[in-house]
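Take these sequences, add in the hints, and give me the full structure.
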Amino acid sequence: MSATTPIGLPLTLRGIGKHYGDSAVLRSIDLDIAPGQCVAVVGRSGCGKSTLLRVIAGLEAADTGTVASGHAPLATQRDAVRLMFQDARLLPWKRVIDNVALGLGRAGRAQAQAALDAVGLGPRAGDWPGTLSGGQRQRVALARALVHRPRLLLLDEPLGALDALTRIEMQQLIVQLWRQHGFTLVLVTHDVAEASALADRIVVIEHGQIGLEVAVPAPHPRLPGAPAMAAIQAQVLSRLLGPPSSGAPAAAAAQPGTAAQVDKPLRRFA
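Residue numbers for the sequence shown follow full-length UniProt numbering, beginning at 1 and rising by one.
It is possible that part of the hints are untrue.
Derived pair list, reagent style DMTMM-like, types lysine to aspartate or glutamate, alpha-carbon separation capped at 25 Å [said to hold, decoys possible]:
| id | residue 1 | residue 2 |
| --- | --- | --- |
| 1 | Lys94 | Asp127 |
| 2 | Lys94 | Asp117 |
| 3 | Lys94 | Asp79 |
Worth flagging that the hints you see were computed from the coordinates, not collected in a lab.
Written as C-alpha cells, this is what we have:
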C-alpha cells in the first residue's frame, strides 16, 4: 500500500439478513473491513456470497441489518462505490475510450485515456469492444470502474470466464492497482487460489452465514506454489468440502505459524 493515508472506505455490516420468499439467503451477517483492506468472500454455489455483495453495493435491500461506512450509512457514499461483474457489459456501439468515459462530461476522455493506460490498454482506446479478447474486455471494465476513483471497489467473480494465464495476469493487475490507489476491495470468487492470491482475509460463507475467516499474512507478490499459500488454501478448502457445522460455530485459536482463523463473525476488526 502507498505511504499516504489510504483512501479506502471502512465497511461495517451488522445483522444483515435477506430472504427470497421462505428461503433465508443471508442470516445475521456481521463483518468489519478496515479502510484499504482486501477481503475475499468464498463459498459454495448458492451460499449467498453474490447476494451479500449486491446488498453492499445497494443493488438489493437487506431485510434486516445495516451497511455502514464509519458513522454513516454506506448509501451516503454511493458515488465512491463501484461494482465490476464477470460480464464486462461494454456497449458494442461505443469505442473503448467512450465506454470508459461514460458519464464523465467534457474531461471524460482524458480521464478515460489515463485509466486505459493504467490497465495497459492505452493503444486500444479507439477500438471497438468486439475486437478485444475476454481479458482485454475485463481490463476495460476495470478501467471504467477506476476512472471514477472509487474508495470501495466490489468485484463479483470478474475473472471467472478467463483462461488460466489471463486470470493470473488480471490478478496481478488488480493487486498492483489496489496497492497503488489504496481503495477498499471486496472480491466474491469461487476460486480459493484466487482468493489467497489477492486478499488480506478470506471469508467463507455457509448457508448464508459466516462460517470461517482466515487471515492471509503473506506479502505481495505471492507465489502460487509457496507452502504458506498452499496451507491457507487447504484450510479453506477443508472447510468448504467438509460438512457444514450444525450448531453455532465456536471460536478456534490459530496455532503458531498458521493463518489466524475465527469460526464466527468478527464483532470488531483488529
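Results of checking the hints against the structure:
no., hint, in the structure
1, Lys94 / Asp127, "holds (9 Å)"
2, Lys94 / Asp117, "holds (18 Å)"
3, Lys94 / Asp79, "holds (23 Å)"
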